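Sequences listed follow chains E and A, in order.
My numbering numbers the first residue of the first sequence as 1 and each following residue consecutively.
My numbering numbers the first residue of the second sequence as 193 and each following residue consecutively.
No wet-lab data here; the hints were simulated from the structure.
Remember, it's a predicted structure, so these values are computed and weren't measured experimentally.
Treat the hints with caution; some may be incorrect.
Straight-line alpha carbon distances no greater than 20 Å define the calculated SDA-like cross-link-like pairs of lysine to any residue that follow [stated by the list, open to error]: (1) 17(E) x 27(E); (2) 124(E) x 233(A); (3) 183(E) x 195(A); (4) 40(E) x 4(E); (5) 132(E) x 246(A); (6) 24(E) x 223(A); (7) 40(E) x 223(A); (8) 40(E) x 135(E); (9) 223(A) x 185(E).
With beta-carbon atoms standing in for the labels, derived distance ranges [claimed, not checked]: (10) 260(A) x 4(E): 24 to 32 Å; (11) 194(A) x 175(E): 22 to 30 Å; (12) 295(A) x 4(E): 48 to 56 Å; (13) 286(A) x 4(E): 28 to 36 Å; (14) 243(A) x 166(E): 24 to 32 Å.
Just so you have them, the derived chain A footprint on chain E, three or more residues with Cβ under 8 Å [to be verified]: (15) 1 to 12; (16) 33 to 39; (17) 66 to 80; (18) 122 to 132.
In this text, a Cβ means the ideal position worked out from N, Cα and C, and glycines have one as well.
Residue-level listing of the chains:
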Amino acid sequence: MNESEIIRDILDGDREKFRLLVEKYQPLVFRTCIGFVHDKDDADDLTQEVFIQAYQSLSRFRSDSAFSTWLYRIAVNASLNSVRRSSKNFIIQRFNSLFGSEKTNDIHVSLADSDNPEDILVRKEHISWVQKALDSLPENQRTAIILSKYDDLSQKEIAAIMNISEGAVESLLQRAKRNLRGKLSAGRGKNP
Amino acid sequence: MNCQLCQKNLDAYHEGRLSPDIRNQVESHLKTCDSCKQIYNVLLLADRVVEMERNTDTDPFLVTRVMAGIASLETAGHESESGFIRMLRPVLIAASMAAAVFLGVLAGNLSRPAGNTAEIPVELALINDAVLESVDVLSIE
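If we strip away everything but chain E, and leave its shape as in the complex, we get:
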């Protein structure tokens, strides 16, 4: 059964068929979301939100683009909205961190080469530093670089998702890399 048949069945009321689409595209959506939010639990929640949004607006999907392209658009928009909401809650987060209730991210530790607590701490600091540099990029540059690095998409695919030309994507990626390198190099006092 191909994708358009599945979609037609879902629109005809066979809700269970949506499970097939979720199973197929779950890694794709999750990778995009975690690129924006850098937290496993937040990315899981966001992935769920993306699929529910996709289900609700499935009747608006037009087959002139691939289903994955349409889903990427929803994932990018939901992630950007989530990031915007998070930045609005920045003061609350700072307040929480002052009282030690800031969420710790268990995926950070796995990058450490050794089990030495000091090494782990330094690595966590470096990871946080890279994530902050990525988050500080303008939205369109960040979107382009996440789709390129996290999802391994070609410039043509990124252009279709962002609804811009391939040339514009190339330019965005170049600027994003330059900015990222500049931001990371500027903080070389605590480099690896």
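Chain E is fixed; fit chain A onto it per the hints.
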């Protein structure tokens, strides 16, 4: 190769897009220049962070969560619809009762003769009932 040229080619070197000749020059420079080496290490670190996040396992119950979320959304939709009907029911009953009464009155009026067409006899019309004695007076007598 100087630092400026090395850093200009660093992204391409990192992505494996350089010709063998220039790649060798960059590699030689990186071996001797700490500053450029540090920048290159930063790029490697960024790669590792991306790779680490990419390889994070997704929630094994995500599909179930999504399907449950969709089911609850649809249930909520039905409930809100039936709640609306439940709220509207007394109004509907009152309106239908009023309509029934109105139709009853209308039907009753339709079945009544439009007017008393039978002519009153002239004798009866001329009777002056003011001079007739009341039945009550007759019964007293």
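For each hint, the structure was consulted:
| no. | hint | in the structure |
| --- | --- | --- |
| 1 | 17(E) x 27(E) | 18 Å, holds |
| 2 | 124(E) x 233(A) | 16 Å, holds |
| 3 | 183(E) x 195(A) | 18 Å, holds |
| 4 | 40(E) x 4(E) | 31 Å, violated |
| 5 | 132(E) x 246(A) | 17 Å, holds |
| 6 | 24(E) x 223(A) | 45 Å, violated |
| 7 | 40(E) x 223(A) | 37 Å, violated |
| 8 | 40(E) x 135(E) | 16 Å, holds |
| 9 | 223(A) x 185(E) | 18 Å, holds |
| 10 | 260(A) x 4(E): 24 to 32 Å | 26 Å, holds |
| 11 | 194(A) x 175(E): 22 to 30 Å | 24 Å, holds |
| 12 | 295(A) x 4(E): 48 to 56 Å | 53 Å, holds |
| 13 | 286(A) x 4(E): 28 to 36 Å | 50 Å, violated |
| 14 | 243(A) x 166(E): 24 to 32 Å | 26 Å, holds |
| 15 | 1 to 12 | violated (count 0) |
| 16 | 33 to 39 | holds (count 3) |
| 17 | 66 to 80 | violated (count 0) |
| 18 | 122 to 132 | holds (count 4) |
Violated hints, listed in ascending order, are 4, 6, 7, 13, 15 and 17; each of the other numbered hints is respected by the structure.
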